[in-house]
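Trainee: So you can see what is in the structure, the chains are spelled out below.
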Amino acid sequence: MTASLQKGINALKEVIDAPIASFFSSCVHCGLCAEACLFYTETGDPRYTPIHKLEPLKRVYKQEYTLLGRLAKMAGLSKPVTDEELESWSELVYDSCTMCGRCSMVCPVGNDLTYMIRKFREGMAVSGHAPQGIINATKRTVEEGGPMGLKWPAVQNVIKHQQEDSGLYIPVDQAGVDYLVLMSSMEIVNYPEYLGSLAKIFSKAGITWTLSSEAIEATNAGIQIGASDLAREIVSRIVNAAEKLRVKNVLSPECGHAYMAIRWEGPNLMGRPFKFEVVHVLELLDELRSKGVLKMKDKLKTPVTLHDPCQIVRRGGVLNAPETLLKEVVVEFRPMTDSNKWNWCCGGGGGASAIHEPEAEELRFKAFKRKKTQLEETGVNTMVTFCANCRITLEEGIDHYEMNTQLIGLTELLAEHLED
Amino acid sequence: MNEIQFLTWVRSTGLNIALGLFVLGMLWRLIEIYSLGRKQDMAPARSAAGASGWHTIFRRSLPPQGMMKSSPISYIGGYIFHVGLFVVVFFLAQHIKLVDSLLGISWPNLPAQVIDTVAVVTLAAMVLILADRINKPVKRFLSTFGDYLAWLLTFLPVLTGYLAVKHMVLPYTTMLALHILSVELLLVALPFTKLIHVFTLIGSRWYNGDISGKRGVPV
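Chain order of the listed sequences is A and B.
So our numbering is basically just the index in the first sequence, starting at one, shifted up by 34.
So our numbering is basically just the index in the second sequence, starting at one, shifted up by 4.
For the record, the hints were derived by calculation from the structure and aren't laboratory data.
Accuracy of the hints is not assured; some may be wrong.
To be verified - Think about it this way: if two alpha-carbon atoms lie no more than 30 Å apart in a straight line, the pair counts; the simulated BS3-like pairs of lysine-lysine are:
{"#": "1", "chain 1": "B", "residue 1": "Lys73", "chain 2": "A", "residue 2": "Lys96"}
{"#": "2", "chain 1": "B", "residue 1": "Lys43", "chain 2": "A", "residue 2": "Lys406"}
{"#": "3", "chain 1": "A", "residue 1": "Lys278", "chain 2": "B", "residue 2": "Lys73"}
Said to hold, decoys possible - Residues of chain A placed beyond 10 Å of chain B at every Cβ, according to the derived structure:
{"#": "4", "residue": "Met139"}
{"#": "5", "residue": "Val223"}
{"#": "6", "residue": "Glu453"}
Even for Gly, the Cβ is constructed at its ideal location relative to N, Cα and C.
All chains should be built: construct the whole structure from the sequences, respecting the hints.
Mentor: Written out as structure tokens, the structure is:
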């Protein structure tokens with residue numbers, strides 16, 4: 035056995051806990067989880083059945099933690115997990131799983147399959163079987179500060195432009211303020227208006243805030259690849275910066291898995307609760323709306339639908355704010371057939387969008403057909419969402435199928451129609 | 005061994021062995037599973053109505069959104085055979101008498117004709133479920149020897165019980181002995197096969213509901 039495989043198996047042994055043991059023991063092989071997975075529904079390939087994606091982890095569980103499994107292993111009846119097997123599973127654990135969490139919602143015996151995939155990735159990452167695209171993104175985040183290799187001077191440039199455009203001051207490294215604002219590289223590069231929009235909203239609401247030159251990046255490729263040590267290092271930058279600046283809250287950007295990383299995984303990665311609260315930008319906006327601070331001057335006339343990012347809604351628990359806010363700013367909202375916590379993934383979450391192998395991209399386009407169908411059922415050409423990664427994936431899908439759909443970020447939409 | 009001796013054995017020694025293995029096996033498995041424990045969640049929980057492990061234990065008994073439409077045989081067949089098993093096991097007069105003689109507790113039974121019908125419907129539903137397992141690519145793909153064994157171990161007690169009551173195929177004494185034997189096999193296998201879901205699904209649903217519940221999502 036290679037050293038890296040041994041490390042991988044050890045990592046798997048370490049992540050197996052009572053929930054995982056209970057889940058594997060309960061599975062009756064009914065296959066209903068397949069019906070909840072867009073990689074299965076759009077391809078019809080049984081290999082994409084969520085519980086099947088966990089097969090090597092299940093064997094390690096049985097061989098290491100059950101009496102019969104240990105006996106079978108000793109008698110040579112249960113084959114050990116090999117490097118070749120893990121390598122062939124990489125497609126199932128990364129390319130065809132976005133950790134969207136839909137399967138966990140339908141399993142009749144209650145298995146949280148997504149929880150297990152996340153843990154399984156720990157073993158895949160240390161044994162060297164994660165996709166190169168996510169490895170690169172993680173490396174760049176650890177070494178250069180963000181998955182896109184974006185440096186602080188570039189961010190400063192964006193800040194300067196947004197200050198000029200909005201005519202508002204954007205504070206940096208200011209201690210003792212209400213909010214430390216995080217962003218994702220993708221937003222900084224592709225949707226820098228987000229920053230100007232926030233400046234506008236904060237100024238209207240009289241909330242003090244700051245950016246940090248030490249922690250701007252909110253995304254965490256470490257949790258996507260499944261390497262807790264790297265994830266911890268990335269999240270600790272934010273925690274250190276926030277605690278040094280003594281901010282009351284850290285504001286997570288729209289980006290779905292950034293929210294997951296800092297709000298839900300963060301304290302567990304650090305092994306302690308934070309000295310500040312983590313708030314999703316839409317939670318804050320909804321609070322401002324309910325206080326009457328967030329008033330709209332007009333509404334978008336075009337009918338719109340909403341794509342709910344999995345990590346914010348289903349896995350993140352920001353269930354009501356997005357829809358409430360959207361209704362403030364549009365004339366007509368047509369929800370998708372499966373919406374809110376039942377929404378279907380864009381197909382690019384959980385690190386999948388960082389995988390650039392042609393097969394993975396082709397698979398993503400196939401999976402996108404689910405969103406295409408949902409979108410067509412609503413009969414509208416404008417889709418609002420609130421996650422930069424969803425947005426990129428959706429845009430790629432829309433281009434690929436040459437659809438006539440316009441995408442809008444919810445925060446920007448709100449900022450655009452905000453009362454002056 | 006003649007049929008009387010066979011019946012006597014399954015009712016005494018056989019039953020004792022089966023019950024012993026079942027109880028010890030279950031205890032072992034439950035300890036093996038739940039003593040693994042889990043790390044404390046450090047993230048401050050969000051609370052929401054209906055979002056907890058306890059809610060999910062019950063809620064997950066109903067088909068989630070869109071699932072009945074995509075997998076009608078799994079749900080309808082599944083409901084029928086699970087409820088059917090429950091009715092046949094707990095409401096046949098002979099079963100209640102057996103419990104009464106062992107534990108001294110009893111409850112009203114259902115008429116024999118009703119149980120007969122339920123048994124036949126249950127058997128039919130189980131055959132349908134098996135056909136679905138073989139027919140549906142996903143189910144066939146996932147299926148192992150253990151799945152077919154578990155099906156057989158569940159099917160046989162209902163079948164032999166029905167045939168014994170109806171005095172069909174084999175003499176009553178022999179069929180009754182086979183019925184009891186098949187139940188004993190089921191008991192012994194239960195802790196070590198997927199049949200353990202009868203117990204562990206409570207834990208699994210609770211964990212699932214708890215994990216999402218802490219984030220404020222009812223699942």
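Trainee: Now tell me, hint by hint, if it's right for this structure.
Mentor: Okay, the hints, checked on the actual structure:
no.: 1; hint: B/Lys73 with A/Lys96; result: violated, 34 Å
no.: 2; hint: B/Lys43 with A/Lys406; result: violated, 40 Å
no.: 3; hint: A/Lys278 with B/Lys73; result: violated, 54 Å
no.: 4; hint: Met139; result: violated, 5 Å
no.: 5; hint: Val223; result: holds, 29 Å
no.: 6; hint: Glu453; result: holds, 30 Å
Of the hints listed earlier, those the structure fails to meet are numbers 1, 2, 3 and 4, in rising order.
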